[in-house]
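Novice: Here's the letter readout for the chains.
Protein chains: 2
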Amino acid sequence: MENFVIQAQIIYSASPTELAVIPSGFAVCMGGKSAGVFERLPEAYASLPLLDFSDSILIPGLTDLHVHAPQYTFRSLGMDLELLPWLETYAFPEETRFSDLSYAQDSYEHFVQALTKSSSCRACIFATAHTEASILLCKELEKSGLHTFAGRVNMDRSAPEGLKEKNAAFSLKETERWISLMQQEGLTRTRAILTPRFIPSCSDELLQGLGELAVSEGLFVQSHLSENEAECALVKRLCPEATNYADAYARFNLFGGEGRKAIMAHCVLCPPDEEALLKERGVYVAHCPQSNTNLASGIAPIRRYLDAGIRIGLGSDVAGGAHLSIFRAMTDAIAVSKLYHRLIQPESSPLSFAEAFYLATAGGGSFFGQVGSFEAGYEFDALVLNEGDTLPSPRRFSLRERLERMVYHLEDRAVTAKFVGGRRLF
Amino acid sequence: MENFVIQAQIIYSASPTELAVIPSGFAVCMGGKSAGVFERLPEAYASLPLLDFSDSILIPGLTDLHVHAPQYTFRSLGMDLELLPWLETYAFPEETRFSDLSYAQDSYEHFVQALTKSSSCRACIFATAHTEASILLCKELEKSGLHTFAGRVNMDRSAPEGLKEKNAAFSLKETERWISLMQQEGLTRTRAILTPRFIPSCSDELLQGLGELAVSEGLFVQSHLSENEAECALVKRLCPEATNYADAYARFNLFGGEGRKAIMAHCVLCPPDEEALLKERGVYVAHCPQSNTNLASGIAPIRRYLDAGIRIGLGSDVAGGAHLSIFRAMTDAIAVSKLYHRLIQPESSPLSFAEAFYLATAGGGSFFGQVGSFEAGYEFDALVLNEGDTLPSPRRFSLRERLERMVYHLEDRAVTAKFVGGRRLF
Chain A
12 MENFVIQAQI IYSASPTELA VIPSGFAVCM GGKSAGVFER LPEAYASLPL LDFSDSILIP
72 GLTDLHVHAP QYTFRSLGMD LELLPWLETY AFPEETRFSD LSYAQDSYEH FVQALTKSSS
132 CRACIFATAH TEASILLCKE LEKSGLHTFA GRVNMDRSAP EGLKEKNAAF SLKETERWIS
192 LMQQEGLTRT RAILTPRFIP SCSDELLQGL GELAVSEGLF VQSHLSENEA ECALVKRLCP
252 EATNYADAYA RFNLFGGEGR KAIMAHCVLC PPDEEALLKE RGVYVAHCPQ SNTNLASGIA
312 PIRRYLDAGI RIGLGSDVAG GAHLSIFRAM TDAIAVSKLY HRLIQPESSP LSFAEAFYLA
372 TAGGGSFFGQ VGSFEAGYEF DALVLNEGDT LPSPRRFSLR ERLERMVYHL EDRAVTAKFV
432 GGRRLF
Chain B
12 MENFVIQAQI IYSASPTELA VIPSGFAVCM GGKSAGVFER LPEAYASLPL LDFSDSILIP
72 GLTDLHVHAP QYTFRSLGMD LELLPWLETY AFPEETRFSD LSYAQDSYEH FVQALTKSSS
132 CRACIFATAH TEASILLCKE LEKSGLHTFA GRVNMDRSAP EGLKEKNAAF SLKETERWIS
192 LMQQEGLTRT RAILTPRFIP SCSDELLQGL GELAVSEGLF VQSHLSENEA ECALVKRLCP
252 EATNYADAYA RFNLFGGEGR KAIMAHCVLC PPDEEALLKE RGVYVAHCPQ SNTNLASGIA
312 PIRRYLDAGI RIGLGSDVAG GAHLSIFRAM TDAIAVSKLY HRLIQPESSP LSFAEAFYLA
372 TAGGGSFFGQ VGSFEAGYEF DALVLNEGDT LPSPRRFSLR ERLERMVYHL EDRAVTAKFV
432 GGRRLF
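For the protein sequence lines, the chains are A and B, in the order given.
For the first sequence, the numbering used here assigns the number 12 to the initial residue and increments by one for each residue that follows.
For the second sequence, the numbering used here assigns the number 12 to the initial residue and increments by one for each residue that follows.
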């Protein structure tokens, strides 16, 4: 059923800084896209099936711009470690296990079930460097009804044995094989995205080949940028010929531009020339506030990026972030923006709730096209939120306050129904 | 029933930096106190009733060293505001309503129900300046079975009309009346604690009178200290004769010492001489990491305080903190310690999970005496934790990892049974 009407209390972003709040309205889905939100249902839609969620709040679906699927099953462990011991104790040993297809199937099923139940309707996902396991993940994602970009990871240097690929040629050949397997599977909701892990784990030869693939196939790219100090110093040593970390991608055509979108996770420590390149190429920043806190990376200057007109969405970065919920990423983004204002740059005003909501919906959603709003023409991604009897109070709350309470206290447990591209997942 | 044995998987603090982990053990409660933890049950206890929680984890109860009861029902609202607009929009108008006893009853019932269900077995609680409403709160707390200190708030200056008390004499008289009402009620688990809101809202005359009361009645004290910059500057202007903010309490006998315990919430910006006084007087720091983040106060130097041997526990500071859970306070404390290490003091090592667990249990618990451990002689406060089928995974987890997962993902929803002073609350 892709033509229907939902009656509900409706909230979405009227602009990057303002919420549209409709205490009683109708959201119309026609052919999987929004036909708009109405306070009175127009005659033209009067005969469509009506879903009555009038006691609930309807918001656009959220997008997770950065998440590591194989790390889901150990999320929240070792959050008191720093980046390197955490990678060595948890992330790398776990990813090594994905050469075992039965383990991969089991683990990815857990991840996809959790993502399906979550507040995210769309996600940009890292798999591992294992081609077959990555295909398993994509098939699970396709079945779920979620819309995603998923990437087989490339890493041919500076990685532990068992994870590091033989060489650049092997990594490229396997990437091409993975893309053609994706095509054979005929996946429509799950799209391939090139995923060089990050500069330190990719040789120039590999990056060169991936850039050629990006150009020839028009593929999008996801990776990491300027996450922490040691990493930035390493990139400087590894790539003396690049003008900065971003350029180490850009000189191989892996940094957006010419219609090829790219997401760079973190961007905590970008110098001004990298910021300029993010802006110029329309590259997306995946802001992962919890991961940047947990791994002691720092706080990304999101207010400055917003002022500069850089594209931004939110990422859970599971398992650097312990929580898969993009509602949690919203509240973490507000929280760290307060500390940024206090500790780093007093003139940098903190994020408002409305701004965090925009980043979680239309901000990140736009990587997928017209996604993250109920304006006419947007893909119909929607969440029905209801607190049930879980948040008793003697007070009366405004609609916006009711949303704030669910976002802070229930997070993804508030989601009672979910629609992606007009299809109801539950 | 105050004599019983619990069979479970048991975790408690072996020291401030180490967990004692007993995969299969027996915790013995005799007369409301712990008789110790045993891997094999000693013959002497073999005939006691046995509660079988062998599929669950048993940990000591947690203590919330700082929470505002009247603010509970609006927690999580306006977390994108700064301190002053937040106080004016939410905190002050809400507290004004507690002159209405029926509203107070309703609101405090919600708070006490939530605290009862939470992971906190003990708490140090601010009420408002309304004597009758404060008594209502104390009676609700007494019924709950929790062990608490609760304080009628004193504020005779710099507060909005409707909250500010007439004058110091009135505030003192009402405080004495409240204490005698507490005595008339014969409360045993709910103890009165002197609660000057903070220096800016208390005149010297009021502080003088409260100090005399503290000395004559041997009462403990709770208040706020060095939370944010504007407040510290204001205290400097208001109290030119005090050598520092702490001294503004100390010179009136409101800063611990001589067996009179005191808790100071926040301590984000204490200069060295205040730190020295905290240490010298054995004053407790209530570390409220979420509130300090939400209200853009900063990050308290907890590693430095620990190294200095200052007493520390955790506080939710609802509603400056949005979450009542001290499990959440643990993970927030670890998180902000990472940012402190990254952004303020690289040599300051982040808190470990074991350290945060200690602060939440024995650290804050010691304000109540021997509380927060299963060592023999401690009050028997205990939580039974079980994830049920909420955290499925193909991995096997160690006992400590299982605890980490519940703390991060389920927070207080992991608590399936709760004991305070040997009495089972649910």
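To be clear, the hints were calculated from the coordinates, so they are not data collected in a lab.
From the three backbone atoms N, C-alpha and C, an ideal C-beta is built for every residue, glycine too.
Treat the hints with caution; some may be incorrect.
Unchecked claim - Here are the computed distance ranges between Cβ atoms for each label pair:
no.: 1; chain 1: A; residue 1: ALA241; chain 2: B; residue 2: LYS175; range: 46 to 54 Å
no.: 2; chain 1: A; residue 1: GLU50; chain 2: B; residue 2: GLU187; range: 43 to 51 Å
no.: 3; chain 1: B; residue 1: ALA241; chain 2: A; residue 2: ALA244; range: 35 to 43 Å
no.: 4; chain 1: A; residue 1: VAL32; chain 2: B; residue 2: ILE355; range: 15 to 23 Å
no.: 5; chain 1: B; residue 1: PHE49; chain 2: A; residue 2: ASP63; range: 42 to 50 Å
no.: 6; chain 1: B; residue 1: GLN124; chain 2: A; residue 2: ASP284; range: 38 to 46 Å
no.: 7; chain 1: A; residue 1: ALA387; chain 2: B; residue 2: GLU358; range: 43 to 51 Å
no.: 8; chain 1: B; residue 1: GLN124; chain 2: A; residue 2: VAL32; range: 28 to 36 Å
no.: 9; chain 1: A; residue 1: GLU358; chain 2: B; residue 2: GLY399; range: 42 to 50 Å
no.: 10; chain 1: A; residue 1: PRO357; chain 2: B; residue 2: ARG411; range: 13 to 21 Å
no.: 11; chain 1: B; residue 1: GLY293; chain 2: A; residue 2: PRO96; range: 55 to 63 Å
Unchecked claim - Just a sample of chain B residues kept apart from chain A, beta carbon distances all over 10 Å, derived:
no.: 12; residue: SER35
no.: 13; residue: PRO60
no.: 14; residue: THR107
no.: 15; residue: SER191
no.: 16; residue: ASP318
no.: 17; residue: ALA333
no.: 18; residue: PHE408
no.: 19; residue: GLU412
no.: 20; residue: THR427
As the list claims (entries may be wrong) - Residues on chain B that point at chain A, a partial pick, calculated with CB under 7 Å:
no.: 21; residue: TYR56
no.: 22; residue: THR84
no.: 23; residue: SER87
no.: 24; residue: LEU88
no.: 25; residue: ASP91
no.: 26; residue: SER118
no.: 27; residue: ALA307
no.: 28; residue: ILE345
no.: 29; residue: ALA346
no.: 30; residue: LYS349
no.: 31; residue: LEU350
no.: 32; residue: LEU354
no.: 33; residue: GLN356
no.: 34; residue: SER360
no.: 35; residue: SER404
no.: 36; residue: ARG416
Novice: Confirm or reject each hint.
Specialist: Results for each hint:
1. A:ALA241 / B:LYS175: 46 to 54 Å: Cβ of ALA241 (chain A) to Cβ of LYS175 (chain B): about 53 Å, so the range 46 to 54 Å holds.
2. A:GLU50 / B:GLU187: 43 to 51 Å: For GLU50 (chain A) and GLU187 (chain B) the Cβ distance comes to about 58 Å; the hint is violated.
3. B:ALA241 / A:ALA244: 35 to 43 Å: Since the Cβ atoms of ALA241 (chain B) and ALA244 (chain A) sit about 38 Å apart, the hinted range of 35 to 43 Å holds.
4. A:VAL32 / B:ILE355: 15 to 23 Å: The hinted range 15 to 23 Å is violated for VAL32 (chain A) and ILE355 (chain B), with Cβ atoms some 39 Å apart.
5. B:PHE49 / A:ASP63: 42 to 50 Å: Taking Cβ atoms as reference, PHE49 (chain B) and ASP63 (chain A) lie about 58 Å apart, which means the hint is violated.
6. B:GLN124 / A:ASP284: 38 to 46 Å: violated (56 Å)
7. A:ALA387 / B:GLU358: 43 to 51 Å: violated (56 Å)
8. B:GLN124 / A:VAL32: 28 to 36 Å: holds (30 Å)
9. A:GLU358 / B:GLY399: 42 to 50 Å: holds (48 Å)
10. A:PRO357 / B:ARG411: 13 to 21 Å: At 40 Å between Cβs, range violated.
11. B:GLY293 / A:PRO96: 55 to 63 Å: Between GLY293 (chain B) and PRO96 (chain A), where Cβ atoms are some 35 Å apart, the hint is violated.
12. SER35: holds (22 Å)
13. PRO60: The claim stands: PRO60 (chain B) keeps its Cβ more than 10 Å from every Cβ of chain A (closest is about 34 Å).
14. THR107: holds (14 Å)
15. SER191: holds (29 Å)
16. ASP318: ASP318 (chain B) clear of chain A: closest Cβ-Cβ about 17 Å, beyond 10 Å.
17. ALA333: violated (5 Å)
18. PHE408: violated (8 Å)
19. GLU412: Label violated. Min Cβ-Cβ 5 Å, cutoff 10 Å.
20. THR427: The assertion about THR427 (chain B) holds, with a minimum of 17 Å to chain A.
21. TYR56: At about 35 Å, which exceeds the 7 Å cut-off, the nearest Cβ of chain A leaves the hint on TYR56 (chain B) violated.
22. THR84: Nearest chain A Cβ about 5 Å off; hint holds.
23. SER87: holds (4 Å)
24. LEU88: Where the cut-off is 7 Å and the nearest Cβ of chain A is about 5 Å from LEU88 (chain B), the hint holds.
25. ASP91: Check passed: Cβ of ASP91 (chain B) comes within 5 Å of chain A, closer than 7 Å.
26. SER118: With a closest approach of 5 Å, the SER118 (chain B) hint holds.
27. ALA307: holds (4 Å)
28. ILE345: holds (5 Å)
29. ALA346: At 5 Å from the nearest chain A Cβ, ALA346 (chain B) passes the 7 Å test, so the hint holds.
30. LYS349: holds (4 Å)
31. LEU350: holds (6 Å)
32. LEU354: holds (5 Å)
33. GLN356: With Cβ-Cβ at 11 Å, over 7 Å, it is violated.
34. SER360: violated (9 Å)
35. SER404: OK, holds: SER404 (chain B) within 7 Å of chain A, min 5 Å.
36. ARG416: Status holds, d = 5 Å.
The structure is inconsistent with the numbered hints 2, 4, 5, 6, 7, 10, 11, 17, 18, 19, 21, 33, 34, although it conforms to all the rest.
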